[in-house]
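**Q** Chain residues, written in single-letter form:
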Amino acid sequence: MQSTSPRFRKNAVEALADSELQSALRHVRSNFIEKRAKAVAALPEFDALRDVGRQIKDHTLAHLDLYLEEYEAKVTAAGGHVHWAETGADACQIVLDICRRVNARTVTKGKSMVSEEIGLNAFLEEHAIVPVETDLGEYIIQLRGEHPSHIIAPAVHVTQRQVEADFRRVHTHLDPARNLDEPTTLLGEARAVLRDRYFQADVGITGANFLIAETGTSVIVTNEGNGDLTQILPRVHIVLASLEKVTPTLEDAAQILRLLARSATGQDMSVYTTLSTGPRRAADPDGPDEYHVILLDNGRSAMLGSEYQEMLRCIRCGACMNHCPVYHSIGGHAYGWVYPGPMGAVLTPSLIGVEQAGHLPNASTFCGRCEAVCPMRIPLPKMMRHWREREFERNLTPATTRYGLSLWAFLAKRPALYRLAARIAAGGLGWLGGGKGGFRALPLAGGWTRHRDLPAPEGRTFQDLWKQKQRDGGRMPQ
Amino acid sequence: MTASPADGLRVGLFVTCLVDLFRPSVGFAAVKLLEDAGCSVEVPAAQTCCGQPAFNSGDRADARAIAEGVIRAFEGYDYVVAPSGSCGGMLKKHYVELFDANDPWAGRAEAFSAKVFELVSFLTDVLKVTGVSASHDGTVTYHDSCSGLRELGIKAQPRALLATVKGLELREMKESEVCCGFGGTFCVKYPDISNSIVSRKTADIAATQAETLLAGDLGCLMNMSGKLKREGSPIKARHVAEVLAGMTDTPAIGEKRR
Ligand code: SF4
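Protein chains in written order, with full-length UniProt numbering: chain A, 1 to 478; chain B, 1 to 258.
If we strip away everything but chain A, and leave its shape as in the complex, we get:
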């Protein structure tokens, strides 16, 4: 996918001015947070489970090569095929080769962030293969020619009113007078439209929430059941997953599953949790004839052993963005690539380079709420800070920030000089602004005073007053 992360600032301003988006974001702020809080409160061992989840993933990442090899062997033994893709382009080509070999014209797809990451839909369309998204949210954004703005609720930026307009625009074979006032009628219409597509499809592509090394099984969770139809009805099933999705055992995956839905949507479990192992066996009533897994690296292995390794614990629950004040303000598209919010602020520079995505780790208040809710205990602010360090080292930090910072640091390292400068600043600003109490505008402080007044200093520094108090035998200076 093409990145607009370098334009983050502009994206953000546009998002702030988009009233439709702003009203859609209200839903993120209320719904997701409340539901998660309830679900977490109802599970006393939630926090202990987070430690278990972290341990499982840390252990897996420490032995990733072994578990991937085991996984490959088990998939092969079950009659499936494993393909290793180093880059997104490699993965796209592997998908295309499979599609061509079976003369596929239509491909149904379950929701997969990895397929967004590698731009699979556009690639397939270029090669005359029609991809059909079957997850309602993904279907909506496909109709709109957009990208997801959230990793679990891809169309969360779209209002119901907009979905209705899109359906009326595209579903022209349906009665124009039909009633589409309710979310359920919209859902029903999408289901009916998609039904035929499931049967037309020659290939079904899904992502994977887990790949189980012990059994060679892929696991997907959905709430709509579309993933099941996508992987069972077509002749060929392709699982597209990144390397870090592997988990040693079924039991391990089951533990982490208990964290996933609670953190994401506040459900105890997603409505469907579907396991698939290899193609259809002789006695199976249905299932694909061919089962392929594409294991995508695309920058992950470079994160192993680095200060960003912990990011590979991410299970894509979206809790960090659901609780992020910056995400609440600008939504997901402003981040400019597939992964938004705090997890995107760490992951995106890792995958497409900090030169491209340098804004993202900076555009955080470090309020820490993301880390507080992350089920996998990923220290997101700490890793964003690591990115800021990499930028600083490589001179990517904007010049004004650097100069301001180095002047300030020069003083901060020299207490006597610092005290003098502070006394002058406090005195000057206090004198200038004291009469009014603050400043509505101040040269060089436009970033602050554009939207807020700057309170004026009281006039003398604490250190200055304190020294005088000591001199005067403890009497408060007047």
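Hints are computed from structural coordinates only; laboratory data are not their basis.
Any given hint might turn out to be false.
Straight-line Cα separation of at most 25 Å, DSS-like style, residue types lysine-lysine; simulated pairs [stated by the list, open to error]:
#1 256(B) x 436(A)
#2 128(B) x 93(B)
#3 413(A) x 93(B)
#4 189(B) x 382(A)
#5 174(B) x 38(A)
With the hints as your guide, set chain B with the ligand onto chain A.
**A** The following block gives chain B with the ligand in isolation, referenced to the frame of chain A:
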């Protein structure tokens, strides 16, 4: 006078750069609260800032140099107390991250961090202060600043002490735990996003119809009070220490000087 757990304790006050520069009254309120609890308070002159601007901007070398200065200035005290959750968090949680395990400073940073506390939590959790003698006639609402809340677990402590202030009524705002959009340099680097965040905050503050907004961090307070002022709101803003110390005769943050 009865003996207090603090009798004879030597406390070094970390003033914080914003308090030093913008609002010395918070520093004096902190001194009063600590002395009332029986501490002897000193203010090392060799302090400047905790180093957060450098640390959070990726300038590790300067952050480390500043941290070394702070540690050196405060090593001799029994405790180090800051009237700020954010600076307290920096001193307590992040200084240790600045030095590698085999760095000679690592041990010093470790020992230093064990002695650091944010003011209100120091009073309640270490000195076991259960009440203050101040009075304040009026309604207040309290914002939980992020670092104090999430890095240091400060939530119940200020409320417990505020509950003992005579005449004071606390009205909780909606989502008091949500960031105000200050974020240090964030608020000037991304002013429009920061504005969107603080606007939601001031709406929640206004909805309580409290007369005064309190918090434990001057940065957040300057951000929220600056926004309230710009919106023409009559709500005043003060550091919680000023109210707890009964030192509210100074003009509120951003108010005209008398
Ligand atoms: S970083 Fe944590 S909270 Fe965010 S999506 Fe990943 S697992 Fe969920």
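**Q** Each hint needs a verdict: does it hold in this structure or not?
**A** Comparing the hints with the structure gives:
The suggested pairing of residue 256(B) with residue 436(A) holds, with an alpha-carbon distance near 5 Å, which does not exceed 25 Å. At roughly 22 Å between alpha-carbon atoms, residue 128(B) and residue 93(B) fall within 25 Å of each other, so this suggested pair holds. In summary, the hint linking residue 413(A) to residue 93(B) is supported, as the alpha carbons are separated by about 21 Å, within the 25 Å threshold. Between the alpha carbons of residue 189(B) and residue 382(A) the distance comes to roughly 19 Å, so the proposed pair stays at or under 25 Å and holds.
Restraint check: the Cα-Cα separation between residue 174(B) and residue 38(A) comes to about 17 Å, which is no more than 25 Å; the hinted pair holds.
Checked against the numbered hints given earlier, this structure breaks none of them.
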